[in-house]
Amino acid sequence: MTSTGAMESIRPRISFYEDHGKYRGILSWILTLDHKRIGLLYFIFVMAFFFSGVVLGFFMRLQMLAPGTIMKPQTYNSLFTLHGIIMIFLVVIPAIPTIFGNFFLPIQIGARDVAFPRINLLSWWLYITGAIIVVISVFTGGGPPDTGWTFYAPYSLRTTVNVPLAVFGVFILGMSSILTGINLVTTTHRLRAPGMTWNRLPLFVWAIYSTSWVQILVTPVIGITLILIIMERFFGVGVFDPAKGGDPILYQHMFWIYSHPATYIMILPAMGVISDVVPVFARKRIFGYMAIAISGVAIAAVGSLVWGHHMFVSGQSDFADILFSLLTFLVAIPSAIKVFNWVATLYKGSIVIEPPLLFCLAFIFLFSIGGLTGLIQGALAPNMHLHDTYWIPGHFHYIIFGGMGFGLFAAFHYWFPKMFGRMYNRKMAMRAWAVMLVGFNIFYFSMLLLGWEGMPRRYYDYLPQFRSLHLTATFGSWILIAGLILMFANLFRGLFKGEKAEDNPWGGATLEWQIPSPPPTENFEKIPGIRHGPHDFKELENNG
Amino acid sequence: MIFSAATGISGRVVDNVFLYIVTICIILLALITFLMVYFVVRYRREKHPTPVDIEGSTWLEITWTVIPTLIVLSMFYYGLTGFEFLKKVPPGAMTVKVIARQWSWLFQYENGIQDPELRVPVGMPIKLLLTSQDVIHGFYIPAFRIKQDVVPGMTNYLWFQPTQLGTFDVMCSQYCGLEHSHMLTKIVVLPEEEFTKWYQGKKKEVAAKAPPPGLQLYQVKGCVACHSTDGSPRVGPTFKGLLGKKEEVTTGGKKETAVVDEAFIREFISEPNVVHIEGYPPIMPKISMTNEELTALVDYIKSLR
Ligand code: HEC
Ligand SMILES: [Cu+2]
Numbered sequence: 001m002t003s004t005g006a007m008e009s010i011r012p013r014i015s016f017y018e019d020h021g022k023y024r025g026i027l028s029w030i031l032t033l034d035h036k037r038i039g040l041l042y043f044i045f046v047m048a049f050f051f052s053g054v055v056l057g058f059f060m061r062l063q064m065l066a067p068g069t070i071m072k073p074q075t076y077n078s079l080f081t082l083h084g085i086i087m088i089f090l091v092v093i094p095a096i097p098t099i100f101g102n103f104f105l106p107i108q109i110g111a112r113d114v115a116f117p118r119i120n121l122l123s124w125w126l127y128i129t130g131a132i133i134v135v136i137s138v139f140t141g142g143g144p145p146d147t148g149w150t151f152y153a154p155y156s157l158r159t160t161v162n163v164p165l166a167v168f169g170v171f172i173l174g175m176s177s178i179l180t181g182i183n184l185v186t187t188t189h190r191l192r193a194p195g196m197t198w199n200r201l202p203l204f205v206w207a208i209y210s211t212s213w214v215q216i217l218v219t220p221v222i223g224i225t226l227i228l229i230i231m232e233r234f235f236g237v238g239v240f241d242p243a244k245g246g247d248p249i250l251y252q253h254m255f256w257i258y259s260h261p262a263t264y265i266m267i268l269p270a271m272g273v274i275s276d277v278v279p280v281f282a283r284k285r286i287f288g289y290m291a292i293a294i295s296g297v298a299i300a301a302v303g304s305l306v307w308g309h310h311m312f313v314s315g316q317s318d319f320a321d322i323l324f325s326l327l328t329f330l331v332a333i334p335s336a337i338k339v340f341n342w343v344a345t346l347y348k349g350s351i352v353i354e355p356p357l358l359f360c361l362a363f364i365f366l367f368s369i370g371g372l373t374g375l376i377q378g379a380l381a382p383n384m385h386l387h388d389t390y391w392i393p394g395h396f397h398y399i400i401f402g403g404m405g406f407g408l409f410a411a412f413h414y415w416f417p418k419m420f421g422r423m424y425n426r427k428m429a430m431r432a433w434a435v436m437l438v439g440f441n442i443f444y445f446s447m448l449l450l451g452w453e454g455m456p457r458r459y460y461d462y463l464p465q466f467r468s469l470h471l472t473a474t475f476g477s478w479i480l481i482a483g484l485i486l487m488f489a490n491l492f493r494g495l496f497k498g499e500k501a502e503d504n505p506w507g508g509a510t511l512e513w514q515i516p517s518p519p520p521t522e523n524f525e526k527i528p529g530i531r532h533g534p535h536d537f538k539e540l541e542n543n544g
Numbered sequence: 001m002i003f004s005a006a007t008g009i010s011g012r013v014v015d016n017v018f019l020y021i022v023t024i025c026i027i028l029l030a031l032i033t034f035l036m037v038y039f040v041v042r043y044r045r046e047k048h049p050t051p052v053d054i055e056g057s058t059w060l061e062i063t064w065t066v067i068p069t070l071i072v073l074s075m076f077y078y079g080l081t082g083f084e085f086l087k088k089v090p091p092g093a094m095t096v097k098v099i100a101r102q103w104s105w106l107f108q109y110e111n112g113i114q115d116p117e118l119r120v121p122v123g124m125p126i127k128l129l130l131t132s133q134d135v136i137h138g139f140y141i142p143a144f145r146i147k148q149d150v151v152p153g154m155t156n157y158l159w160f161q162p163t164q165l166g167t168f169d170v171m172c173s174q175y176c177g178l179e180h181s182h183m184l185t186k187i188v189v190l191p192e193e194e195f196t197k198w199y200q201g202k203k204k205e206v207a208a209k210a211p212p213p214g215l216q217l218y219q220v221k222g223c224v225a226c227h228s229t230d231g232s233p234r235v236g237p238t239f240k241g242l243l244g245k246k247e248e249v250t251t252g253g254k255k256e257t258a259v260v261d262e263a264f265i266r267e268f269i270s271e272p273n274v275v276h277i278e279g280y281p282p283i284m285p286k287i288s289m290t291n292e293e294l295t296a297l298v299d300y301i302k303s304l305r
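If you read the sequences in order, they're chains A and B. Quick note, the first sequence lines up with residues 1 to 544 if you use my numbering. Quick note, the second sequence lines up with residues 1 to 305 if you use my numbering.
These are calculated hints, taken from the structure and not from any lab test. Note that this is a predicted model, so its numbers are computed, not measured.
Below, in silico cross-link-like pairs of lysine to aspartate or glutamate (EDC-like), each with a Cα-Cα straight-line distance of 20 Å or less:
#, chain 1, residue 1, chain 2, residue 2
1, A, K427, B, E46
2, B, K202, B, E192
3, B, K186, A, D461
4, A, K348, B, D53
5, B, K202, B, E117
6, A, K538, B, D53
Residues of chain B placed beyond 12 Å of chain A at every Cβ, according to the derived structure:
#, residue
7, L165
8, E193
9, S303
10, L304
Just so it is clear, CB atoms sit at the ideal spot from N, CA and C, and this is done for glycine as well.
Isolated chain A, as found in the complex (with noise of 0.2 Å):
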């Protein structure tokens, strides 16, 4: 899809890397504005929380296989706070836009940074804040807090420990996240090269193009949520709490309609990543261009609505119930048609298995799984059994970690090449592909069966029944981090022992790959026209 000649002009221009800009050293990554190395300012803090909140995850699941020998439980209900909190908040929010988002959108689009770059280096700074308060909040005042990161009220409220500080944490992160929205939303609308229509966008485009819709319109009622937490633990403001007059369940409603569309803030990135990578390993154009871009839109509309059956038991009206499970099921039928598209994708392709296709189909796998189980807890009569039991973090798991984190390393291996100009083994990443995969399915199977069989989720002891699954699930995280290990030793060690990279080695038809690995500041020096949609690869190949 590029335009003509503009490549030869472009090679000796000096990468990103290369030019530091106005400042030296450290300063001139925390204080740049170019769009690619906050980019990667967040790809390191992203990383480094993805990492501490594994490592939180992988004590609990420790836990589960010794009750009350290896730890007290205060400490474990702080565990699953804290790993809900840097999970959900730190990592999985902003992963895919931030880094992602961040680095290639403006690429993809044809154009030089994004509409405000000077924002963007605040929001960056207001994440690194709030990272900060949060972390802070862990080692001060009454403890870490113990809430479970949905805070509910009243207990929210009556905790001793350090709840403020975290959810003045969050609330910061939240700021952050409308920042990037806004960002990203007005890249996409002003800064499209010539020709760049919006039915020409690549769909990872659309995709974070719908995601920071839903940032925009949604984060401000969770930071109005937590500020009245805030006001009712200093002022005695009793808004949620019934002992003064409050309603708890408004605190529900409030907490949810953010955090309900926060899962698709997170899993709808992921999806923009598989719709542009399947096609290029299938070398052919996405199956349905515009049944994709516009259920991707529908999944952001209409999951802005359904926060109510995260609230199915408690005690809202069974009107609210009914109607809210209708809309859950309404939800489910855009992600069903991505995923037929996706594999009608593969159909007469001239298909090249690497890496980045197969934590594609492995996104799609889990996905699939996690969307189904999702079916079965939507509708109101399971739910009553499966509502806060082992089940739900099964199921979000297959939506969050297998699909988002999945979707979040196929990008990985997707773009490592292009971002730093490297090229990882590619068999020991196959391999590790495998390991996880297996890793995941023991343990996050284990745990919607757990759910099946009754077992409530936050106990940090259990009773008898419920030991050999719990061993299994325990047993399977290993598996699972043995493969995280491998995966990122591997594209650490590519980072700086990999061959050097071509500029397009996966024959990509999007703009990055048309110019060079890593790419130069600026990226283009003559804005590209555009005569084609993203997954035209006969015009690349009679062109090459």
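Using the hints, position chain B with the ligands against chain A.
Relative to the frame of chain A, chain B with the ligands by itself:
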């Protein structure tokens, strides 16, 4: 056996809906996975070097929008019918009030009996009125496949009909703090006559109006969740040997050593947030009770040497 069987009518209702949806899900998952793997193998580069560029198919898009819509609507409908059954209490149900507090359950029957376990006659529909004294809890009976949150400030309900004798676990399903995992009790389903005998017998005890003995108060008021009587560690200090114990306490930020006497115990129970004991979290709730009850409790604690 790895799968615990359901009991009661609610158990059967939920299991039926579950099986219906799970069956469809397994078929769909198998279909998607099979096609995906088949395509990848069948159309791999070596076998199929030139791709066929297909833009899409309106006809297919419509098919795989309409059919899934019909499928999920059937799931919704089936789930709804089950739900309506689970929510509609049949006439003539026996009502029991459930009191949830950190971290124990208490059941109050219509005739005034109170008990930390729920005893019910087989075959009788039971309606539970759920109330909480502190934070949100969840009343969950896995074998009956039902649960409902217990929210302070409102009275939720749950009903079930036991069809089988036996003892079934009850668990707290909504995270409620430190000892959430041990907020457990049991439902004992008894034959009709046996239940009546227990119900009447207990009632006589209540009718005798004797001030309830300390042990009973210890259970009924929920002290049992946090204090042991045999020296074993729980969230709060054990009652065994409490009288005369020397301990480090903080009063208004000042540390000092105190010897526990009767007045100390009395005051601590009436105002638990004035003095704090070293080594324990400051979370003892203020529990309302009459003066006689307080005296009985203090006497009971004193008796535990
Ligand atoms: C939710 C848990 C919980 C419940 C329920 C509870 N307590 Fe406590 N109790 C504690 C904790 C924790 C402490 C230590 C508090 C502190 O240091 O501030 C404590 C302290 C005490 C003490 C002082 C012990 C000492 O070492 O001096 C007494 C007496 C006491 N509780 C009596 C009772 C009685 C009687 C009941 C029932 C009516 C009761 N508690 C119910 C948690 C609980
Ligand atoms: Cu509870």
